[in-house]
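Chemist: Residue-level listing of the chains:
There are 2 protein chains.
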Amino acid sequence: MQRHFDQEFSGLKDQILKMGDYVQESVDMAMKGLTERNLQHFSRVHELEILVNQSHIEVDEACLKVLARQSPLATSLRLVFSIVKINADLERMGDQAVNIAYNGQHYLAAPPIKPLIDLPKMGEEVKLMVRESLEAFFNADIELAKKVLIYDDVVDELKDKIFKELCQMMKQDPSIVEPALNLILIARNLERLGDHATNIAEEAIFDASGQDVRHGSAKP
Amino acid sequence: MQRHFDQEFSGLKDQILKMGDYVQESVDMAMKGLTERNLQHFSRVHELEILVNQSHIEVDEACLKVLARQSPLATSLRLVFSIVKINADLERMGDQAVNIAYNGQHYLAAPPIKPLIDLPKMGEEVKLMVRESLEAFFNADIELAKKVLIYDDVVDELKDKIFKELCQMMKQDPSIVEPALNLILIARNLERLGDHATNIAEEAIFDASGQDVRHGSAKP
Numbered sequence: 001m002q003r004h005f006d007q008e009f010s011g012l013k014d015q016i017l018k019m020g021d022y023v024q025e026s027v028d029m030a031m032k033g034l035t036e037r038n039l040q041h042f043s044r045v046h047e048l049e050i051l052v053n054q055s056h057i058e059v060d061e062a063c064l065k066v067l068a069r070q071s072p073l074a075t076s077l078r079l080v081f082s083i084v085k086i087n088a089d090l091e092r093m094g095d096q097a098v099n100i101a102y103n104g105q106h107y108l109a110a111p112p113i114k115p116l117i118d119l120p121k122m123g124e125e126v127k128l129m130v131r132e133s134l135e136a137f138f139n140a141d142i143e144l145a146k147k148v149l150i151y152d153d154v155v156d157e158l159k160d161k162i163f164k165e166l167c168q169m170m171k172q173d174p175s176i177v178e179p180a181l182n183l184i185l186i187a188r189n190l191e192r193l194g195d196h197a198t199n200i201a202e203e204a205i206f207d208a209s210g211q212d213v214r215h216g217s218a219k220p
Numbered sequence: 001m002q003r004h005f006d007q008e009f010s011g012l013k014d015q016i017l018k019m020g021d022y023v024q025e026s027v028d029m030a031m032k033g034l035t036e037r038n039l040q041h042f043s044r045v046h047e048l049e050i051l052v053n054q055s056h057i058e059v060d061e062a063c064l065k066v067l068a069r070q071s072p073l074a075t076s077l078r079l080v081f082s083i084v085k086i087n088a089d090l091e092r093m094g095d096q097a098v099n100i101a102y103n104g105q106h107y108l109a110a111p112p113i114k115p116l117i118d119l120p121k122m123g124e125e126v127k128l129m130v131r132e133s134l135e136a137f138f139n140a141d142i143e144l145a146k147k148v149l150i151y152d153d154v155v156d157e158l159k160d161k162i163f164k165e166l167c168q169m170m171k172q173d174p175s176i177v178e179p180a181l182n183l184i185l186i187a188r189n190l191e192r193l194g195d196h197a198t199n200i201a202e203e204a205i206f207d208a209s210g211q212d213v214r215h216g217s218a219k220p
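Protein chains in written order, with the working numbering: chain A, 1 to 220; chain B, 1 to 220.
No lab work stands behind these hints: they were computed from the structure.
Nothing false has been slipped in among the hints.
Since the list gives no way to pick one copy over another, a pair counts as held whenever it fits inside one copy or between any two copies.
Subject to a maximum C-alpha distance of 30 angstroms in a straight line, what follows is the list of computed DSSO-like cross-link-like pairs (lysine-lysine): (1) 85 - 127; (2) 127 - 13; (3) 164 - 114; (4) 146 - 127; (5) 121 - 164; (6) 147 - 85; (7) 114 - 161; (8) 32 - 146; (9) 13 - 65; (10) 65 - 85.
Assemble the whole structure, with the sequences as input and the hints as a guide.
Modeler: Rendered as structure tokens:
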């Protein structure tokens, strides 16, 4: 029974890691579209969204099947339970990448606001968070998961800084209100992406240690 | 076995409905704080967040117990599976109400931007969506669930309208950039709340009919 479970769980793991790759590529393409002012990258984000959504449905069905066929207990049950939640987080991350592409497309319709401030840096941090949160979960690596929680604070700080800078710029030059607002929304999308990776990291800590760090009860 | 499951499921239902009540009150208080310019209402939002977060952990644990003790099959398994997801959506709705209170608090620090445009209307629609999506799920009421999906379109349109109006106002009077941005973020929080209620409505349709309307595949 345990052997069957291990086999099926290994399949779930592969599917989740593949979804994670799609999400990382999606964030990458959305940010590249913005920095290189190239709409084609945004099209790739929409292609990837279809793949993420398909995976989302497949993983959900696969989890239901494992639960129905194997009736896993204790630790194994908790693992499947976590996969269901991680699956939902990854799907929503895909949505946020689409939102970046959407806001990015609007941004590109106007002349650029000189540099993109700290947005590309935020994008890099978030991609790292996606990869490392999944790594932390599957390797039961609590230290790595805690690192992801710290990255999230960095991402939040970058967002606050971007908000302030763009507000200042809008006040000085009201003609840039629309494109500045698009960048503010993109910063918000990236922040939400970071929040979802944080959920995964918290799940990793909970599964590996039994310590519930959700709801900020033990953020390092 | 089925009788035991029914009993435990009935307990889960009560917990979820209670969470739904907390979320509705939370949205209500966040919006009242804004319209009545009263910080005390925001404090209530923070109290409610603690209750929502506690419920979130309790429901998760209760679902794990039901799965471990009863090993439910087919329909029953799918119901527990849905509860896990609805629980996550409600918890995130609670977070969004907190975000409204947070942005609202910043908004109140500046002189008011005349009327609050369509924000209170958006708040009312969203509260209705929370109540009716849960009603639709527990009564397997597909028609009601579809109504919720239509409300979501209304909420999205209101958000777009609010965005446009506020952009216009910022351009005419750059001194209101910060408070206008706070209102834009609140409109975004309400939109996200509506999205979560939509997830619940889609879950209701899927469980009642087997028709997967996630990822916009069959939005009416």
